[in-house]
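Asker: The residues making up each chain are set out below.
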Amino acid sequence: MRKIAVLSVLLLLNCLFAGFSLAASPLKIKFLQSVYEDNGGTGLKSPEGVACTDDYFIAADTGNNRLVKYAFKDNTVGAMEFEIPVTAPLIAQINSDGDIYALDGRDRRIQIFNADGQAKGTLSAKGAPVAAKMVPRSFKIDENNNIYILDISEEVVLVLDSSGKYLKHIPLPEQGGFFSDLAVDRQGIVYVVDSVHPGVYSSAPEGDTFSLITKNLQEFVNFPATITLDNQGVIFLMDKHGGSLALLGRNGSFLGHKFGYGWREGQFYYPAQICVNQAKNIFIADRNNSRVQIFATEE
Amino acid sequence: MKLHITMSILLLAALSIFLPARQGYAQQEFKLKAGASGKICLSCHDGLQEKMKKAFVHSPLADGDCIGCHNPHTSSFDKLMSASTDDICYTCHDSVIPENARSVHKVVADGACTSCHDPHAADNEANLLKKGSELCYECHQTLAAKIQENKYGHPPVRKNCVGCHDAHGSEKNVSLLNDGSPALCLKCHATDKSTFKKLHRNYPVQKADCTSCHDPHGSNTAAMLYDNVHEPVAKRNCERCHVAASSSKPFSLKASGNETCLACHYEMMTGVLNKTHIHWPVVDKKGCMNCHTPHASAEKKLMKEPMITVCGSCHADTVARQERATTKHPPVAEGECSQCHSPHSSNNQFIMKKDSLIETCAECHEWQTHTTHPIGEEYVDPRNKNITVQCASCHRTHGTEHKHFIYYATTNELCVQCHVRFRR
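Order-wise, the sequence lines are chains D and H. Everything in the first sequence is counted per numbering that gives the first Met the number 0, starting at 0 for the first residue and increasing by one. Everything in the second sequence is counted per numbering that gives the first Met the number 0, starting at 0 for the first residue and increasing by one.
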């Protein structure tokens, strides 16, 4: 009993210390590499999406109408493995089976491919009482392969299982401006980002409403358009118009800024999707610099 | 109870004796001349005596109480005011702005009372500088011109703005209105006449917002409809979009959201939806109504407000960037966003009309097609092999804090970003 009490105190202190260190000093982010082209020397063109694992990543090469898979090992980008034709792909995701999901920019439908890049069809919501004419602005896949779709036609986050069967939906906050992206953490908390009145809302795993967790972030960001989290719950918010990355604590507290507007490596020119893998590498589709930038993080 | 009343009477009596005595004491103590609190001022400020002949005199001046507003000796404020012009009027008139007002006249909020009132005397009621609408037109000149020139005017508007607006603030309504629509309109307009009903196709518009079709300041279109009328409205074909007037919810739409618009604008919408870069609000729940108004508008293309306001309602950061910019870029500053952008969708980034930014800029900056720094597809940006040199390599089109909306404080600093060997 006494051992349990001591362990509990130690665990609490550890948590507190971790919290303080994060709040006091945000992640150190180190530039690793930029990806500019495929094996054949064709340059990426305005990539808007990127999905990542510890072993590979998928770039949504929007301007070239394709998804491109690159190997990634020991913090180094390997060879391009294959490409999949998709019209103006905007968002890419990978589920735990290696299936690749992409939001097609023209049809605005989510297309599914297997790990080898073979087409598996288009995602449709089965049994959903809402979103009959679904217009996905973005989507994310959690560790259980559930799919979270930011449907702007009905202003909901629609949650489907891996087969597309309806699980639930969460109405977007009425007081928001325009919601551009969403994220799901390991606990199943859903986050949405309001680009117009910069702020982040969250909904608990069993929740059916969103609550604002940040104050108005206008003093820190211009137009935050994409969001993701690392496995420790740090929120990464890409400022599309400002070219910077804002880091927030899980509770919405502002932790700091990284990067800025520009053309050099470590700078961004209208960045789009951001992905953080389990090894805490950060992949950012640097759209108007026509490249994907990759970073390592250190505590 | 009786004791309370007696005590109150005694207290009042005591005060009525004590206060004048105190005043007399002050006069004696400072050896003040009679009328020192104001009347004596007029012996030097003789212009005021003439002014006091006007029909409406501010009561402190009429009562010879200049020191109500001025300090006779020294002051930190202009005209020896005893408080700042922002505050002085509110010391007496503290209730001109309703508590938690929904809209407040900016001059009132700024404490610029003398923009409308003469603090001493005037020929107009409430010491107003001018009579009726004339005073409002001093600032609201564009609206004034419109009101005067309109073919179909609204008589009460030409007469006096305060018929509909509260000059100071409105507790419950926007735009300083003293009531909302339709309540405000129904104060003058009867809705039970058969003509009214016939003209409105028997829809119960007396329960709707009149200003969704009619311009309360008048217009050049019959029945004071806004000058840009949606064709079905102009043809009184309400049933084109709405269910029948006799139904239980007569203002309901026949179809939901954009589908209502699609019934007529099918080809246009198909073209819009078939592009790779859609302006997302076009396909959200509110759809077309994010930017357009369905009945009539003072703005072209039935925009619900001027384009800069509509676009700025989401892209406030971009509008603010232009406002801060040292050099203004006319299409942006003038709110002509659609000069460069295709507002519904495009196959180009930033929903640009043209796929080449150079061509977009050349629409106005023609000279740059023949006399310019090397730009175009054949010139790779030295900073990034995947992009080429173009106008936005040096200029941020919506503005920066630097001259000519370049990214850096000096031209030299800009040039050496690429021409690194010239770096000092």
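Because the hints were derived from the structure by calculation, they are not lab data. Predicted, not measured: the structure shown is a model, and the values here were computed from it. A couple of the hints might just be wrong.
What the hints assert, rightly or not - Quick look at which bits of chain D chain H covers, simulated, 3 or more residues with Cβ under 8 Å: (1) 146-154; (2) 180-190.
As the list claims (entries may be wrong) - Computed far set for chain D versus chain H, every beta-carbon distance over 10 Å: (3) 32; (4) 87; (5) 163; (6) 221; (7) 249; (8) 277.
Stated by the list, open to error - Beta-carbon label-pair distances, calculated as ranges: (9) H:243 / D:208: 32 to 42 Å; (10) H:414 / D:208: 51 to 61 Å; (11) D:278 / H:414: 35 to 45 Å; (12) H:300 / D:170: 27 to 37 Å; (13) D:215 / H:41: 24 to 34 Å; (14) D:167 / H:148: 34 to 44 Å; (15) D:215 / H:179: 53 to 63 Å.
Backbone N, C-alpha and C fix where the C-beta goes; we use that ideal spot for every residue, glycine too.
Asker: None of the hints should be skipped; say for each whether it holds.
Answerer: How the hints compare with the structure:
no.	hint	verdict
1	146-154	holds (count 4)
2	180-190	violated (count 0)
3	32	14 Å, holds
4	87	4 Å, violated
5	163	21 Å, holds
6	221	4 Å, violated
7	249	26 Å, holds
8	277	29 Å, holds
9	H:243 / D:208: 32 to 42 Å	37 Å, holds
10	H:414 / D:208: 51 to 61 Å	53 Å, holds
11	D:278 / H:414: 35 to 45 Å	41 Å, holds
12	H:300 / D:170: 27 to 37 Å	31 Å, holds
13	D:215 / H:41: 24 to 34 Å	54 Å, violated
14	D:167 / H:148: 34 to 44 Å	58 Å, violated
15	D:215 / H:179: 53 to 63 Å	29 Å, violated
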